[in-house]
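A.B. asks: Sequence:
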Amino acid sequence: MTRRELIGMGSVGVVALAIAGRFALMERPSATPAGSFPVQHSDAEWRTLLSPASYNVLRKGATEPRYSSPLLKEHRPGTFACAGCSTALFRSQTKYDSQTGWPSFWEALPKAVTTRDDSSLGMSRTEVLCSTCGGHLGHLFEDGPKPTGLRYCMNGLALTFEPATA
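Under my numbering, the first residue of the sequence shown carries the number 1, and numbering increases by one thereafter.
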């Protein structure tokens, strides 16, 4: 085997690993814990209730592409709720532009979310779940603004927005 052939094969391997890694970031199997939340549905029922993209985020732990959510530009007064069960999660007053490409909030509504350790993808993070249906919402980081210093980095596909009524 020549040096050129060896380098070419190595390059193909690197590209294949990069592509595989990209898809690994999109979904984690069995992401949502079963049996421990007030609202429960079978997998078939969740697939009927949710769009395919929202199902992949809420039930499989996928991450939507950065800057893809229309909720990034949502600035009206109102409430952001779980797309799986309609539980109110965040007030619009706590939303801010984190420059990350995902809707971000500095505070969740009381008892609206729960967290758990997430060591997938070779890193340690804090996963945020809806406390009512267990849907995967995103992750919690300690690099947010005052007054909490927290950043709830949420997938827009996991949320709906309900404008405030006058």
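Think of the hints as simulated: they come from the structure by calculation, not from any bench.
From the three backbone atoms N, C-alpha and C, an ideal C-beta is built for every residue, glycine too.
Mixed in with the good hints, there may be bad ones.
The calculated lysine to aspartate or glutamate pairs, modelled on EDC-like cross-linking and capped at a C-alpha distance of 20 Å, are [unchecked claim]:
#1 K146 to D97
#2 K73 to D97
#3 K60 to D43
#4 K60 to E142
#5 K146 to D118
#6 K111 to E142
#7 K60 to E74
#8 K60 to D117
#9 K73 to D117
#10 K73 to E162
#11 K111 to E162
Label pairs and their calculated CB-CB ranges [claimed, not checked]:
#12 P77 to P110: 18 to 26 Å
#13 A166 to R116: 33 to 41 Å
#14 P65 to G122: 38 to 46 Å
#15 R125 to P65: 14 to 22 Å
#16 P38 to E162: 16 to 24 Å
#17 P110 to T165: 37 to 45 Å
#18 P145 to K111: 27 to 35 Å
#19 R66 to T115: 15 to 23 Å
A.B. asks: Decide if the proposed pair is consistent with the structure: K146 and D118, CA atoms, cutoff 20 Å inclusive.
C.D. replies: violated, 25 Å
A.B. asks: Hint check: K60 vs D117, CA-CA at most 20 Å. Holds or violated?
C.D. replies: holds, 16 Å
A.B. asks: Between P145 and K111, does the beta-carbon spacing fit 27 to 35 Å?
C.D. replies: violated, 23 Å
A.B. asks: Is the straight-line distance between the alpha-carbon of K146 and that of D97 20 Å or less?
C.D. replies: Measuring from Cα to Cα gives roughly 13 Å; hence the hint holds.
A.B. asks: Quick one, are K73 and D117 close enough, alpha carbons at most 20 Å?
C.D. replies: violated, 30 Å
A.B. asks: Cβ-Cβ distance between P77 and P110: within 18 to 26 Å?
C.D. replies: holds, 19 Å
A.B. asks: Confirm or reject the claim that R66 and T115 have a C-beta distance inside 15 to 23 Å.
C.D. replies: Taking Cβ atoms as reference, R66 and T115 lie about 22 Å apart, which means the hint holds.
A.B. asks: Regarding P38 and E162, is the given constraint of 16 to 24 Å on their beta-carbon distance met?
C.D. replies: holds, 20 Å
A.B. asks: CB of P110 to CB of T165, is that within 37 to 45 Å?
C.D. replies: This hint is violated: roughly 21 Å between Cβ atoms.
A.B. asks: Measure nothing beyond the straight line between the CA atoms of K73 and E162; if it is 20 Å or shorter, mark the hint as holding.
C.D. replies: holds, 14 Å
A.B. asks: Between R125 and P65, does the C-beta distance stay in 14 to 22 Å?
C.D. replies: holds, 18 Å
A.B. asks: Please work out if K111 and E142 have their alpha carbons no farther apart than 20 Å.
C.D. replies: Within the cut-off at roughly 19 Å; holds.
Going down the numbered hints, you'll see the structure goes against 4, 5, 7, 9, 14, 17, 18, while the others check out.
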